[in-house]
Amino acid sequence: MVVVDREKWASKAEFILSSLGYCVGMGNVWRFPYLCYRGGGGAFLVPYLLMLFLCGVPLYLLETSLGQFSSLSAISIFKTMAPALKGCGYAILLVNFIVTMQYNLLISYPILFLWECFKAAVPWKTCGNSWNTEKCVPVNQNNASAIFALNANLTQAEKFKTAADEFFHNQILNISSGPSEVGEIVWPMFVINILSWIVLFLCVVKGVKSVGKVVYVSATFPYLILGILFVRGITLPGAWDGIKYYIVPEWNKLLNLEVWADAACQIFFSVGPGWGGIINMASYNNFDNNLKTDSTFLPIVNCGTSIFAGFVVFSVLGYLSNRTGIPVESVATGGPSLAFVMYPEAIGLLPYANFFAICFFLMLYSLGLDSCFVQIETIITCITDEFPKLRKNKHIVAFIVVFAMALGSMMFVFQNGMYLIQVIDWYSSPLTIILVCFCEVIMVSYCYGLGNIIRDIEYMLGIRMGLWWKVCWKVINPLVLIFIFATVLKYNTKVTYNGVEFPDWAIILGWLSSLVSLLLIPGYFIYKFITVKGSFTERTSLCLTVHDWGPADEVTKREYQAYKNKMI
Numbered sequence: 337m338v339v340v341d342r343e344k345w346a347s348k349a350e351f352i353l354s355s356l357g358y359c360v361g362m363g364n365v366w367r368f369p370y371l372c373y374r375g376g377g378g379a380f381l382v383p384y385l386l387m388l389f390l391c392g393v394p395l396y397l398l399e400t401s402l403g404q405f406s407s408l409s410a411i412s413i414f415k416t417m418a419p420a421l422k423g424c425g426y427a428i429l430l431v432n433f434i435v436t437m438q439y440n441l442l443i444s445y446p447i448l449f450l451w452e453c454f455k456a457a458v459p460w461k462t463c464g465n466s467w468n469t470e471k472c473v474p475v476n477q478n479n480a481s482a483i484f485a486l487n488a489n490l491t492q493a494e495k496f497k498t499a500a501d502e503f504f505h506n507q508i509l510n511i512s513s514g515p516s517e518v519g520e521i522v523w524p525m526f527v528i529n530i531l532s533w534i535v536l537f538l539c540v541v542k543g544v545k546s547v548g549k550v551v552y553v554s555a556t557f558p559y560l561i562l563g564i565l566f567v568r569g570i571t572l573p574g575a576w577d578g579i580k581y582y583i584v585p586e587w588n589k590l591l592n593l594e595v596w597a598d599a600a601c602q603i604f605f606s607v608g609p610g611w612g613g614i615i616n617m618a619s620y621n622n623f624d625n626n627l628k629t630d631s632t633f634l635p636i637v638n639c640g641t642s643i644f645a646g647f648v649v650f651s652v653l654g655y656l657s658n659r660t661g662i663p664v665e666s667v668a669t670g671g672p673s674l675a676f677v678m679y680p681e682a683i684g685l686l687p688y689a690n691f692f693a694i695c696f697f698l699m700l701y702s703l704g705l706d707s708c709f710v711q712i713e714t715i716i717t718c719i720t721d722e723f724p725k726l727r728k729n730k731h732i733v734a735f736i737v738v739f740a741m742a743l744g745s746m747m748f749v750f751q752n753g754m755y756l757i758q759v760i761d762w763y764s765s766p767l768t769i770i771l772v773c774f775c776e777v778i779m780v781s782y783c784y785g786l787g788n789i790i791r792d793i794e795y796m797l798g799i800r801m802g803l804w805w806k807v808c809w810k811v812i813n814p815l816v817l818i819f820i821f822a823t824v825l826k827y828n829t830k831v832t833y834n835g836v837e838f839p840d841w842a843i844i845l846g847w848l849s850s851l852v853s854l855l856l857i858p859g860y861f862i863y864k865f866i867t868v869k870g871s872f873t874e875r876t877s878l879c880l881t882v883h884d885w886g887p888a889d890e891v892t893k894r895e896y897q898a899y900k901n902k903m904i
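The sequence shown maps to residues 337 to 904 in this note's numbering.
Think of the hints as simulated: they come from the structure by calculation, not from any bench. This one's a predicted model, so the numbers in the text were calculated from it and none came from an experiment. Note that CB positions come from ideal geometry on N, CA and C, so glycine has one too.
Per label pair, the in silico range of CB-to-CB distance:
(1) Thr-881 <-> Val-527: 51 to 59 Å
(2) Phe-526 <-> Glu-874: 52 to 60 Å
(3) Leu-591 <-> Val-527: 44 to 52 Å
(4) Val-807 <-> Phe-739: 41 to 49 Å
(5) Ser-466 <-> Val-518: 20 to 28 Å
(6) Thr-571 <-> Arg-800: 44 to 52 Å
(7) Ala-740 <-> Arg-894: 36 to 44 Å
Could you build all of it, start to finish, from the sequences and the hints given here?
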């Protein structure tokens, strides 16, 4: 086992806030509310909450236990518990690297909006600016519904665009006509991208010492802003019409398999198992930290935040519908268009629009910042755990990692950058993360042994673990993960953005970004099996047998060995 001189969180609060900041990201604001609306409103909460308690909480507890017990990151845990599955750790590292590159661009957009918020009036309210075209129309009560009705009969090229739509796509993104038109460097985005990487480097340069201090602001500030926007939103005319679209259940939607797949995927990509971040943050905990409480509290708060954010979003969309006469279903959308077109459109109609816009975009940046620096810290820790001699120069490792990702992210600062971001976001991570989680539960439940991991947790916490956790890890989690993997393959339709269909080369690029990490898992397994010596049975045993698993601290490890011997 790799023994490392492990840093520790300065306080329990730092771990809780870091974990909360990691889980709660921009997807809670722009993805969950739309999925809930599309999946049957309140009815969507049935599969969502079921998946939370069947998979989200058990997997969160499992990963927290592995990290806290061993004080190791993902690569080292897989290497120690089942050497042939070390490829899962490499896959985690690569997925974090790829996703963080494009995610940093997404959190740069709010900064570009913030710059514009300090003008006398928010510039996405009006046409007649240098970035507007003859298709631009300002949304107001007199023309909006007529424009939306007219657009229904027009091609994408002929459609009218709202002022907010043109501001985001023409001014912020300076977007090209499609992925194949690379265009020029968008210089404001180039500069903000670099500044954002500098901020991220400063957040991670001292490891958990710096991360733990930043999260006191970055993890709590979004809740303050959500509260302000919620109070303002529900007091607006038409707010409750929007909220009704969000919460009124359509029970027939539960018969649609895709709704269940959406609920499961949202749990995985918001709670965060399989990404290595949960393991990494838990590895800095004290050995006897009450992780059972943490692992229930944090996923529930994360999901509660998503539900609460839905009220914030749909109350304002209801107001937009009320002011313009456009039906709520026509303004309800998900992804970047919700955050950077529809919501700013609605804010622009408010009194004191600048203030609420500043609040909203600061919140988006804070939400994204937490997720980014935990992903970067996960990569750094994986590297320094794999090569312990580098720990004394961790700041240099941090610089190299951040610099490499900053360099890679430059592909997204061209005019076709948003199209590439959509391709990477759509294809790169889902299948790999689901396969990592599947390998993880199989490794723990069947290779290491369910009884052994339960014994380890009980020794660490001094409490008994109920039957529920055993059933989840051994039976429910593997079956649910197989279901999710199959449905992601089935419903993974071609990606589009802003009405533009992507060419074949872009789809191939997307699948390559997925396969390059996905194939590391079986690839390393085959490599390990071939390189070890012995018969087929002996090789299998060597590949899937635990090697020197236990606490990192030598005193605790000796006590643990004595405890194990007593249990035999």
